[in-house]
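A.B. asks: Here is what each chain is made of, one letter per residue.
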Amino acid sequence: MEYGVPQETVLYLLLLPFVVTLVALFRQIFGIKAFGIYTPTLVTFSFLVVGVKYGVAIFLAVVIIGILSRFLLKKLRLLYLPRIAITLTLISFAVLALLIFGGSIQRTGFAAISIAPIIIMIALVEKIVATQIEHGTKEAVIISLQTLFISLVGYHLMGLPSFQNLLMTYPWIVLSTIFINILVGKWTGLRINEWWRFRTLLK
Amino acid sequence: MVSLFKKSRSILGMNARNLHYIRPNNFKKARVIADNKLLCKKTLKKGALPTPKLIATIRTHDELEHFSWENLPSTFALKPNRGFGGGGIVVVYGKSKKDTSTWIKADGSKIGIQDLKEHIHNILDGSFSLSGTPDVAFFEERMRISKTFKPYAFKGIPDIRLIIYNNVPIMAMLRLPTKESGGKANLQQGAIGVGIDMASGITTTAICGKKATPVDYVPGTRLFLSGIKIPYWNDILHFAVEAQKLSGLGFLGADIAIDRENGPIFLELNARPGLQIQVANQSGLKERLARVEGLKIKNTAHGVRVGKNLFGGEIEESLEEISGKKVIGTTETIKLISQNGKELEVKAKIDTGAFSTSLDSSLAKKLGYEKILEQFDSIDQSQYKITRGNYESIKKDILHKLKKETALFKDIALIHSASGSTLRPIIELNFIMDNTLVTSKVNVVDRSNLQYPILIGRKDLKKFLIEIH
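Chains as they are written, first to last, in this note's numbering: chain L, 665 to 867; chain U, 339 to 807.
Some hints here could point you the wrong way.
[Claimed, not checked] Dumping the calculated BS3-like pairs for lysine-lysine here, alpha-carbon to alpha-carbon at most 25 angstroms: (1) Lys802/L / Lys548/U; (2) Lys663/U / Lys636/U; (3) Lys850/L / Lys345/U; (4) Lys517/U / Lys802/L; (5) Lys549/U / Lys517/U; (6) Lys867/L / Lys344/U; (7) Lys455/U / Lys739/L; (8) Lys867/L / Lys663/U; (9) Lys739/U / Lys779/U; (10) Lys738/L / Lys448/U; (11) Lys673/U / Lys800/U; (12) Lys548/U / Lys791/L; (13) Lys517/U / Lys738/L; (14) Lys867/L / Lys548/U; (15) Lys549/U / Lys739/L; (16) Lys549/U / Lys802/L; (17) Lys549/U / Lys867/L.
I should point out that these hints are in silico values taken from the structure, not numbers from a laboratory. Note that this is a predicted model, so its numbers are computed, not measured.
Let the sequences and hints guide you as you build the complete structure.
C.D. replies: Spelled out as structure tokens, the structure:
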């Protein structure tokens, strides 16, 4: 502002602690898993930058192609990194196709979005594939959808103009996230999903 | 609502497991042992604990090129050292008869040296290890399923997961591979988990798969999952506690399988044991862990004793719950119901060696059957020479003579006993045993010289389990 830092940059830096706190809350209290803390945070910010419509479209494209590519590439029996490289290539093509398709139906907004968030979302395919290898396709789809859910909640909360105004007026409220995380970090009660998981023990 | 929260406090959730049990008890140095199968084997061997015999290790691509395949036995398991969830494991059951460089897998498919080589290349490159780091491949002897578990398991080897804390065995679960789990003893993949009573080593309640659906039988069979007696139970508990001392894992999940010839053998140590074991046992871990917290455990035997005493002994009650059968003793006080509806309490002998139930004749008379017994006695038995062959015709003859009384008189039994063959009248009798009404056809005989006026035979014990003290 006075020192030449763009207002948007300041806003995003102030929003970041809230997004990561939200992810931590979802995991520890609700038991909703995402691909770590990093992926849902990046996806949330990508949504904030490119808009939720295009963001979700790209996210779903990445998930679908990431998961299908494992079945396509399985028969080739490739080593891990070359295989991921091919998967990323396929996703690049798909996103490019989406952009061209968007342009052809006069959705110029799609073509105008900045490239950095798109690349970030494409890169999250590695997490999806790694989960697919370790825990199976079903688990990878479930965690992808949970990541999407957290990111959407994050997008809607962080996108609230009243919340953004509050944050810009009283930036120090960011410090409250530290207290929240200390409380969450010491919480040893059952997670919401565990009440369901252990329901037969609670009867 | 209040009781719900109270109950929830006995359950161990992810947050509490990580913060209170894994973090302060399983340090990096110990966790390394759990994640490295070869190191784990070495550690357990130091304490003379049984592990599958190592056949060979392959650490580099170069070693793989110079590997002497002819030294491999006809059956083995090939594993990645840092594999997870059973990925990358190849098990062969025998060599092909035609071609000595081809082995046969569980599903009958063949695997040659070239296939094995390719698989080992993949292992070395880290295709099966966490985050794709380069790995080591090794061959070890294949375990053979014990006879006890054979009918219960689909293809693979069942194993027993034990949670050990403060040198006390806390909880245990038998894991049975199913068709759905592809022969793997992994609940996430659809295996069955069966709770185990810590004192007796007898299975209790069971769940199936990731969703933890309660099950009573092995899918597709009428095999009861409860009541399985785990062989070598004491040894298993001792080994698991020893493994805690050797590995330094303060919150340990030990996986032990039972080999047909060699008995219990360690499969794996786990530094982050799952929580589903609580559902299989229908019991919370948190409460159990709290009970052994801070106890001074002098030695392994002491730890095992504490675990058995604290977390066992509910088997009788749960057996009744699960099987729907009542547990009775070898003698039982029962209530006989007389012809006019009165109850008469007597002490009965439970005898699984006898087929049908026998009632003393004087007692039968008291119960209102005197008329029919008198009639039966009026027939001179000496006129018949009883053999197995003419039994039917004699029976017909007598029944004809007693026709008038058929409402009470049910049949005649030919009983072969140590004192020779006798004919006995059969009457219908109702009695109450352990609050269960039993309607039985009992034979009547003079038991005045015997200790119990009534003996209950197998035919009337179908609803009961008998406990021998």
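A.B. asks: Could you tell me which of the hints above the structure violates, numbers in ascending order?
C.D. replies: The structure breaks hints 2, 15; every other hint is satisfied.
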